[in-house]
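Asker: Sequence:
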Amino acid sequence: MNTPAKQGLVLVPGLLCDALMWRPQLTALAAVADCWVADHTRSETMAGVAADVLRDAPFEKFALAGLSMGGYVVLEMMRQAAHRVARLALLDTTARADTPEQSEKRRAFISLAERGRFLGITDALLPMLIHPSQLANPKLVSTIKRMAKNTGKDAFIRQERAIISRADSLPLLPRIACPTLVMCGRQDALIPLARHEEMAAQVPGARLEIVEECGHLSTMERPAETSAALARWLAA
767 MNTPAKQGLV
777 LVPGLLCDAL
787 MWRPQLTALA
797 AVADCWVADH
807 TRSETMAGVA
817 ADVLRDAPFE
827 KFALAGLSMG
837 GYVVLEMMRQ
847 AAHRVARLAL
857 LDTTARADTP
867 EQSEKRRAFI
877 SLAERGRFLG
887 ITDALLPMLI
897 HPSQLANPKL
907 VSTIKRMAKN
917 TGKDAFIRQE
927 RAIISRADSL
937 PLLPRIACPT
947 LVMCGRQDAL
957 IPLARHEEMA
967 AQVPGARLEI
977 VEECGHLSTM
987 ERPAETSAAL
997 ARWLAA
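Start counting the sequence shown at 767; every next residue gets the next number (the working numbering).
It is possible that some hints are incorrect.
The list that follows gives simulated cross-link-like pairs (lysine-lysine, PhoX-like), each with its CA atoms no further than 20 Å apart [unchecked claim]: (1) Lys905 with Lys915; (2) Lys827 with Lys871; (3) Lys827 with Lys772.
Derived DEER-like restraints, expressed as beta-carbon distance ranges [stated by the list, open to error]: (4) Lys905 with Arg808: 41 to 49 Å; (5) Arg883 with Lys827: 39 to 47 Å; (6) Lys905 with Leu936: 34 to 42 Å.
Just so you know, the hints here were simulated from the structure itself, not pulled from any lab data. Ideal placement from N, C-alpha and C gives every residue a C-beta, glycine not left out.
Just need the whole structure built from these sequences, with the hints factored in.
Answerer: The following block contains the structure:
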């Protein structure tokens, strides 16, 4: 009896994150998906980042998941090549463009990084990234800091510029025709639940899953719950 071919799954990390952000899912989903983590560090426009991932993806058609900045990337990929995406997962992200205030904050972080203060940026962001109870989790905190160090100052500046450049994806949502999961930590301090409810309401047939006692980095904070939700989405 032939075993069914595993589906290709493209995973796009968040800002200052790399494959370590998806490590629990790479293990948990290995039996059902052929996972590949994108490099989203090379271009300084969102259109460029999405084109990089589409060009490098080792599958012609694939399931696609992105968290936070990764969500902005996957929405731009949908804009450029929706025909290649079999199913979509939007984790702890928003379809909205930056507000002027958000862009200003990003420019301030770019300026800090350019002035040699890059390694302090993660410390400043940590309380926004994870549930308050996780701030005392040394393994999680050290992994987040390691990802930032792996990313480095120059790539961080390109990523922030790309995020500032992104288009408003709200008008795109009603045109998404593939099975879609919208998921977030209930206590996500960076992108609140209301933004996810907004996306789920706009994408035809989308499923909303909320991870309890969880902040912005759901894949790392609640790996078992997040992986189970992604496995259900892949099987749907």
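Asker: Now tell me if each hint is right for this structure.
Answerer: Verification of the hints:
| no. | hint | result |
| --- | --- | --- |
| 1 | Lys905 with Lys915 | holds, 15 Å |
| 2 | Lys827 with Lys871 | violated, 36 Å |
| 3 | Lys827 with Lys772 | holds, 12 Å |
| 4 | Lys905 with Arg808: 41 to 49 Å | violated, 29 Å |
| 5 | Arg883 with Lys827: 39 to 47 Å | holds, 43 Å |
| 6 | Lys905 with Leu936: 34 to 42 Å | holds, 37 Å |
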